[in-house]
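Chains as they are written, first to last, in the numbering used here: chain S, 1 to 366; chain X, 1001 to 1366.
There may be inaccurate statements among the hints.
Straight-line C-alpha distance at most 27 Å; calculated DSS-like pairs for lysine-lysine [unchecked claim]:
| # | chain 1 | residue 1 | chain 2 | residue 2 |
| --- | --- | --- | --- | --- |
| 1 | S | Lys322 | X | Lys1226 |
| 2 | X | Lys1322 | S | Lys103 |
| 3 | X | Lys1264 | X | Lys1196 |
| 4 | S | Lys23 | X | Lys1023 |
| 5 | X | Lys1135 | X | Lys1196 |
| 6 | X | Lys1023 | S | Lys226 |
| 7 | X | Lys1264 | S | Lys226 |
| 8 | X | Lys1135 | X | Lys1226 |
| 9 | S | Lys103 | X | Lys1103 |
Residues from chain X that keep clear of chain S, each with C-beta distances beyond 10 Å, as calculated [to be verified]:
| # | residue |
| --- | --- |
| 10 | Val1017 |
| 11 | Leu1022 |
| 12 | Ala1027 |
| 13 | Asp1031 |
| 14 | Gly1036 |
| 15 | Gly1039 |
| 16 | Gly1085 |
| 17 | Thr1132 |
| 18 | Thr1235 |
| 19 | Asn1240 |
| 20 | Thr1262 |
| 21 | Pro1301 |
Quick caveat, the hints were computed from the structure, so don't treat them as lab data.
Keep in mind that this is a model prediction, so the values were computed, not measured.
Glycine residues also receive a C-beta, built at the ideal position from the N, C-alpha and C atoms.
Number of protein chains: 2
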Amino acid sequence: MPDTISFARGAPSLDIVDIEGLKAAAAAAFDADPGGTTGYGTSVGYLPLRTWIAAQHGVAPEHVLVTNGSMQADAFLFDHLVSDGDPVVVEKPTYDRTLLGLKGRGADIHMVELEGDGIDTAALRSLCESGTVPKLAHIIPNFQNPAGYTLSLEKRRELLVLAEEFGFLIFEDDPYIAIRFAGEELPTMLELDEGKGNVVYASSFSKTVCPGARVGYLVGAPDLIKAIQGIATNTYIAPNMFAQSIVYRFCVDGGLDRSIATVKAALAERVQLLTAALDRELAEATYQAPEGGYFMWVTLPEGTDVAALFTAAAERGVAFVKGTDFLLEGGENSLRLAYSGVTADQIDEGVSRLADAYRSLSPVTA
Amino acid sequence: MPDTISFARGAPSLDIVDIEGLKAAAAAAFDADPGGTTGYGTSVGYLPLRTWIAAQHGVAPEHVLVTNGSMQADAFLFDHLVSDGDPVVVEKPTYDRTLLGLKGRGADIHMVELEGDGIDTAALRSLCESGTVPKLAHIIPNFQNPAGYTLSLEKRRELLVLAEEFGFLIFEDDPYIAIRFAGEELPTMLELDEGKGNVVYASSFSKTVCPGARVGYLVGAPDLIKAIQGIATNTYIAPNMFAQSIVYRFCVDGGLDRSIATVKAALAERVQLLTAALDRELAEATYQAPEGGYFMWVTLPEGTDVAALFTAAAERGVAFVKGTDFLLEGGENSLRLAYSGVTADQIDEGVSRLADAYRSLSPVTA
């Protein structure tokens, strides 16, 4: 079997990670702030990075908590807010680890349809009006994982109206915002909320610097951040100072902007190649080309058995994640293709193998 | 007021952290393994470091989980093993954060007296025989925090007999083992248990490399490690790869051994200066000089009000942690002095201020 080409994992290929820049940032971190880089630090994160992030979002530092990756931030937030039986809203489909985290805490999960321009806000209103008001609504506004769709400005405003009207918290989970390579930038719900406290925002440096840094963060109302800080202290004293100090240097020394430019250019090219290959080799596939991020959602004809396709694809050396993994039910004719981890020269071959796998399925399942 | 001299925090002074060595290790990490250093990694930790740690402990890698500091390892272990109402045994006194972590999970905490040669094993046997068998017994065997005492070989063997006889797990919390500067090295209970699964062991690089690395680990039975790995995956995908790769390079390139030699020499000198200063300035104080680690427990005459001493000391620019912080009750005439964070030249002045604070107390409280 040939080497597997993986459209499965939401991680960057090594060629778009700035190794030399990170090496220089590491040297600068130990030189410029040896005490801060090697000491315990505090549970809010490396203070210069916290301040830098706060400035990016136009808030005071006490609105920010920097964590060991944004999934750790999610875990703290869920630990603080979600108890057994609490209703929560997520998008349908949504990130599989979010589903797992919420299930693990016994949440009463309501999946609300994700449309090409974001969550179906009318359906969310109906849910609230029927008496099920979520404690929080988890929304991935930009280049959603797994769908790649982006929430429109109109729907951002509608969500804020709903949050205010029914009194739930919007959890704006936004790790991909910086890697938009097409279309127009939209304001975050955090910004649009203007400090009313209806939004808690999470993002990460995994997609702009690299995942191994494991640096993510929350932005929210100071009392919420303070409460989560208490959980962080009791969990690990402080997050990783080596990594946060290196990321800080990378940001202030210009590495971040250079890295974002590299990543955007590469991802734009990959989406172009991926969609062209699909159109050519697998015309049965429908999709909406993303304007940024890592993922594209692909729908195959009704009746396709994605589990069988997964197996046939694996036999031919190509991997993806089944649509069913992102849903509580359904998704049998859909899949997520991540183009972040494949280099341009792998895409044609990968899609060719995928198409071959699809054609190998019996007409009953394909 | 003069600058505060702090005997409070269990952290190294910057002069005993090998900044240049860490900078070199960081460069080596990005050069030698760019993919492993910058990628997501896996929840068991950076694989070369995991393998290196396993070899140090003479076990296979599947016995090891590397975490974001050993307190995170404790948190995972407690999440897995300790439920509301479960009896657990800790030493009296013990590390305040362990107490907090256990209280937070609703454990039924039984503190068993810590003697100069370790926990009172006869008292622990009585407790078990009376029907209270702990789910786990948390033991800091070497240079205990806060007391600085070390568990004797005889008591290590006794604890293993008790664990086997009554069926509880020993949680051997051993961050200080490598920084013994006097006396003879003792085998860990993990070693003495010979793979019977009665011990789960935790340690850290915070005291040998530096705390900002936030790299700790667990060693235990593969099924226990596997279960905790599941919690780790759902919490943060993977721990910090930057830091673990840097620590790994520091270990294999000789930095760790050099650093341990530096730390030991400095701490030995500090204990010598600290005990000499106490003998000279505060003869009322009794203590047992530690053979390693960061801490020394100091007892003042019965009736001393350590809270009043704390305030008087703060007014004079010297800090420590009150004995009461390490106990559920008692400790009013005791304190913990950490000598890890004070440089040799600060010790005489610090003890002088402490003695002055003590003499300032009214005879009723001092």
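These are the hints, each one checked on the structure:
1. S:Lys322 with X:Lys1226: holds (25 Å)
2. X:Lys1322 with S:Lys103: The given pair, whose Cα atoms are some 42 Å apart, is violated under the 27 Å limit.
3. X:Lys1264 with X:Lys1196: Violated - the C-alpha atoms of lysine 1196 (chain X) and lysine 1264 (chain X) are around 33 Å apart, more than 27 Å.
4. S:Lys23 with X:Lys1023: holds (9 Å)
5. X:Lys1135 with X:Lys1196: This hinted pair holds, its Cα atoms lying about 16 Å apart.
6. X:Lys1023 with S:Lys226: violated (33 Å)
7. X:Lys1264 with S:Lys226: violated (38 Å)
8. X:Lys1135 with X:Lys1226: Measuring from Cα to Cα gives roughly 19 Å; hence the hint holds.
9. S:Lys103 with X:Lys1103: holds (25 Å)
10. Val1017: violated (5 Å)
11. Leu1022: Violated, because the least Cβ-Cβ distance between leucine 1022 (chain X) and chain S comes to about 6 Å, which does not exceed 10 Å.
12. Ala1027: Since the minimum Cβ distance to chain S is about 6 Å, alanine 1027 (chain X) lies within 10 Å and the statement is violated.
13. Asp1031: Violated: least Cβ distance 7 Å, not greater than 10 Å.
14. Gly1036: violated (8 Å)
15. Gly1039: violated (5 Å)
16. Gly1085: Since the minimum Cβ distance to chain S is about 18 Å, glycine 1085 (chain X) lies beyond 10 Å and the statement holds.
17. Thr1132: holds (26 Å)
18. Thr1235: violated (5 Å)
19. Asn1240: violated (4 Å)
20. Thr1262: holds (14 Å)
21. Pro1301: Non-interface label stands for proline 1301 (chain X): nearest chain S Cβ at 34 Å, farther than 10 Å.
Hint check: violations occur at hints 2, 3, 6, 7, 10, 11, 12, 13, 14, 15, 18, 19; the rest are consistent with the structure.
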